[in-house]
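Protein chains in written order, with numbering that gives the first Met the number 0: chain L, 0 to 528; chain V, 0 to 299; chain S, 0 to 286.
Treat the hints with care, since some could be wrong.
Residues of chain L placed beyond 12 Å of chain V at every Cβ, according to the derived structure [to be verified]:
1) F177
2) G208
3) G292
4) P297
5) P312
6) A315
7) G316
8) D325
9) L380
10) R453
11) M454
12) P469
Just the calculated beta-carbon pair ranges, DEER-fashion [stated by the list, open to error]:
13) K141/S to F286/L: 42 to 50 Å
14) T45/S to F286/L: 54 to 62 Å
15) P186/S to L187/V: 25 to 33 Å
16) L134/V to G67/S: 52 to 60 Å
If you're looking for bench data, these hints aren't it; they were derived computationally from the structure. Yeah, the Cβ is synthetic: ideal placement off N, Cα and C, and Gly gets one too.
Each chain, written out:
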Amino acid sequence: MTQAPFSVKGQAGPASAAAASGAPGGPAAAVHAETAGPSGLSGPPAAPAAASPGSKAALLRRLAGELRAAVISAAWLTFLALPLVVFRINSAFGKIDYLWGRLPKLAAVTFLATLAWRFLLRRTAFSRVKEAVSEAGGPPPEGARGPAGRSWLSLLDRAPAKKALFLALAAFLLSVPFWTSPYVVLILITALIYITLGLGLNIVVGVAGLLNLGYAAFFGVGAYTFGLLHSGLGLGFWACLPLGALSATVLGLLLGIPVLRLSGDYLAIVTLGFAEIFRLVLVNVDFTNGPRGIRNIPPPSLFGIDLNGAVKPFLAGKGLLHPDMDLNKVLIYFIILAIVALTVLCVYRLENSRLGRAWLALREDEVACQAMGINRTRAKLTAFALGSTWAGLAGVVFASQITFISPASFDFMLSVMVLSIVVLGGMGSIPGVMIGAAVLILLPEYLREFQDYRMLIFGLIMVLMMVFRPQGIIPGTRRVYLYSPSPGAGGGAAPSAGDGEGQGEGPAAPSPAGASSAPAAPAGPAAPS
Amino acid sequence: MELFLNLCVSGLTKGSVYALIALGYTMVYGIIALINFAHGEIYMIGAFTSLIFSMALGALGLSGWGLLFAVGFFAVAYCAMYGWTVEKIAYRPLRGQSRLAPLISAIGMSIFLQNYVQLVQTPNFLPFPDLIPDLGLKGGVSRYASQTQLAIVAATAVCMVALTLFIKKTRLGMAMRAVSQDPVMARLSGVNIDRVISATFVIGSMLAAVGGLLIGNYAHQTDFFTGFLAGMKAFTAAVLGGIGSIPGAVAGALILGFSESLAAGYISSDYEDVVAFVLLIAILTLRPEGIMGSATAQKV
Amino acid sequence: MSGENAPLSPGVPGPEAGQAAPAAGDSPRDPVLSTSGVTMIFGGLTALSDVSFAVERGSITALIGPNGAGKTTLFNCLTGIYRPSRGTMTFSPEPGRNIPLRRLAPDRITCLGIARTFQNIRLFNNLTVLENVLIACHSRMKAGLLGALLRDRRTREEERAMADFSYRLLERYGLGPAVNHLARNLPYGAQRRLEIVRALATRPALLLLDEPAAGLNISETRELDSLIRRVRDSEELSVLLIEHDMSLVMSVSDLVYVLDYGALIAAGEPGDIRRDPKVVKAYLGED
């Protein structure tokens, strides 16, 4: 066991070793996980090692070394997986099936995986070193590139392009039900529900840095509130929508109060346990109908209009509707679309508010956050409860869409799925979460063969993203404020704000907004106010 | 009375197994302040490898004590290797990052291992044979406790003693205590932190493997999902006793085992699993440092 | 205040011209902060024993001592991160208003007017420089959940006023060009400065600086010297600093307290402290 399969130190040189073992600031930083910056990139860089391979022979030698290391790692993993993969228990006959045919496949998979792993590790380390080098050089350059992560979507950061894209997307999404099949609408509703869930969880995990592993329970609370209030009191969708959100919020508060005073780690396990208990209670309690669940949950009503009876023939007659389309689902589609739009607006506004900044501070450094005069417990509690609100909201829509709910709909897998969406897309990033949901919900619908491997892939995504790209596919960007320097003593600065970069000009070069005499209010394109 | 004694014995048995798993949580937390969510999965893999090797070696004609120890050896060895590898892949590259990253990586690893076993083996429940040979117990204690129960308690006790000796007497054990108290100082005094962390995962995984083997014998079945709830309960036990504290983990596990058994016997077996959670919330609200912990909890 | 450990307050030199601390010049005893018998015990270890001292309003007071003497522990007690086992701490944001600090949470203490920096810089690394300062304005802002969601006129005006305030504060201390940079991308010296500016944004009456010169080079330390004076004068506050750099301590502070093994062993003006045999012994050991 002396040959470490994943050791990068032997082959990859000092730079990647330092970055990969997460030792940015020398020995002290490596062991003091809690004091290092969230990205762990702040330390001084080691010399870039992967650069300048020298000659062709050196390159070949390095390649050979790389292959050898990958072979050793793969051999180790194969050996590790062998008993579970090859010796399959055949419980029907009480014996072991020896599936040696799996062995070559196993070896190939582990070999390719280790090669990819080593390559990615090297690349991550290299890019981190590069970033550190470029940033270590002196004070921030005047009027140079803006702050926060360079997004490959930077073209879209320009306001007109953004507006045009936004309008096009809105028009497209609004028109979808009128030219697609009912199946597509159903999938889109599911995807939009997950986007809502992802954006809600993003407040908790991405913005406030609290790991909630029981999000499914709050989703379930919303759904069951609707189900029970309908079957018991005959309440309809519109009455239950706020009630479902409210009950999830209240539950979030009740769960959060005892736990949130403590370190964040406990929250993860308590929410995990809570979700499991919630499911168990649903199964065992009579008034929720146990595992049989609640049936015949009605669709939302629209001013008492019989959509399928009165409106559908008219639209279908004009060729504007798929003949099998259920207009109730179309209504749900529009409702959830509106909820997503509202959620995006809310989350955007929250992120750039006093409250949202308190959450961000909490995520970045709890001690410093308190030293800024922020009540830590209250900030945590609002983030946690507010995240639950959106789960409740989505739950009501879900119940109405699926018409039948049972405890099985709200298991741990759902929490995992939503967390994967947030992690893959980018914690704290609104477009990231939307893309993450689209990828993780829509792709499996079209790639059926992945269905079995779905959970496996979700687990992998979480590990790989954390190791190689903790900021997600589309990292969150911070708001850029435009200023002109005070002309003299007492002269007021003129703040204004835009989003993304391309506008992040330094005070030395007065920006159009900054040059105007009247200070413009900070406002972002996504928040027309 | 008879019922009460029976419940106590089953509580003690369960508590022993929880203790074996809880130690892994508490040791890892003591060293790197991480909830190793994948630990419950290591325990599940322990149960699976035990089953696989018991069938494979049984088919080769091994039986009795020889079979038990051979199976134990393979299960412990494989779990140790899994624990070591998991740390290397999912946690080591993240050291020095925000506390959220390793936590998410850990939960991802847990889900991955669960589904990996489900895919390569089976999603169904598997029957688990009785591996502990007949001890020929009669009368006395055996009226209240099966020999499997006694064997589990005895094996756990042996593991505890071995672990205590290891922590107290060996160089590596001392290094572990040093790292858990002050990682910076430990490193400055020449302790190889990476090695200590690896060793912590390996030892925790070995104990979990023993737990997996024993619980298989006791419950007579296992499945890929078994590590989820067991892991959560073991973590509860660790928190109950004061996370980071070894005697605390054992005490917490026993308390949890007793409470569960009594709840199952006197209230309803439907709510057996709820007990752990209620205890967890209660302890976090009333005494977050745990029953055995103090402001400066004794760590590892 | 108990007899022998009563705060030593030899005539603090009157504050320099241009700063407004009305009472400080005339009265020798107008402390912005005073502690009496503060004791902190961890398990069996006594980290602070019976510490009584005072910070004169408008002064720059230094707290020195060998490593492990309990300086940062004292800061943590003052800012509510630790609860001292015994003793009283009284904060007086303005003359005549005395607030006992003992049972207050860290955020309450900040709101009352004690701000601090940290030994190992604790900025919000992934946020911009401006956001770092905006966060410090938290307690002076009112917008709640509804305000954030509706973004009404009042909220917008408050946001703009605070952004404006933060920008001007940053500009005043030379960080104007960096407002939109992520805090972690700043050079080390600028990060130290940002941490001070961030603390100032809470509008404190007392600023606690925990080793502000740590990691700075000689010229940066010299700049820090004038920065601390400037902060004291233009923000009208008092400064208590922990520092190892003796040249900085000697030049900037009006009064120096020396802590060793958790107890105060000397107090006085920098010149006296330098010659105090007890202090020399604490730093250099016996012989």
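Checked hints:
Distance check for F177/L against chain V: the nearest CB is about 39 Å away, which clears 12 Å, and the non-interface claim stands. Consistency note on G208/L: stated as away from chain V, yet its beta-carbon is not over 12 Å from all of that chain's, at 5 Å minimum. For G292/L, the shortest C-beta to C-beta distance to chain V comes to about 17 Å, beyond the 12 Å cut-off, and the non-interface label holds. Against chain V, the non-interface label of P297/L holds: every CB pair exceeds 12 Å, the least being about 31 Å.
Distance check on P312/L: its Cβ is at least 47 Å (rounded) from any Cβ of chain V, clearing the 12 Å threshold; non-interface status holds. Look at A315/L: its CB is around 43 Å from the nearest CB on chain V, clear of 12 Å, so calling it non-interface holds up. For G316/L, the condition that its CB be more than 12 Å from all CB atoms of chain V holds, with the nearest at approximately 49 Å. The Cβ of D325/L sits about 34 Å from the closest Cβ of chain V, beyond the 12 Å cut-off, so the non-interface label holds.
Non-interface call for L380/L relative to chain V: holds, since the shortest CB-CB distance, roughly 14 Å, exceeds 12 Å. The claim that R453/L is not at the interface with chain V is violated, since a C-beta of that chain comes within 12 Å of its own (minimum 8 Å). With a cut of 12 Å on Cβ distances, M454/L falls inside the contact zone with chain V, its closest approach being about 4 Å. Some Cβ of chain V comes within 12 Å of the Cβ of P469/L; the nearest lies about 5 Å off, and the non-interface call is violated.
Our hint of 42 to 50 Å for K141/S and F286/L holds, since their Cβ atoms are close to 43 Å apart. Judged by the Cβ atoms, the range 54 to 62 Å given for T45/S and F286/L holds: they are separated by roughly 58 Å. Judged by the Cβ atoms, the range 25 to 33 Å given for P186/S and L187/V holds: they are separated by roughly 28 Å. Between L134/V and G67/S the Cβ separation comes to about 57 Å, which falls inside the hinted range of 52 to 60 Å.
When each numbered hint is compared with the structure, violations occur for hints 2, 10, 11, 12.
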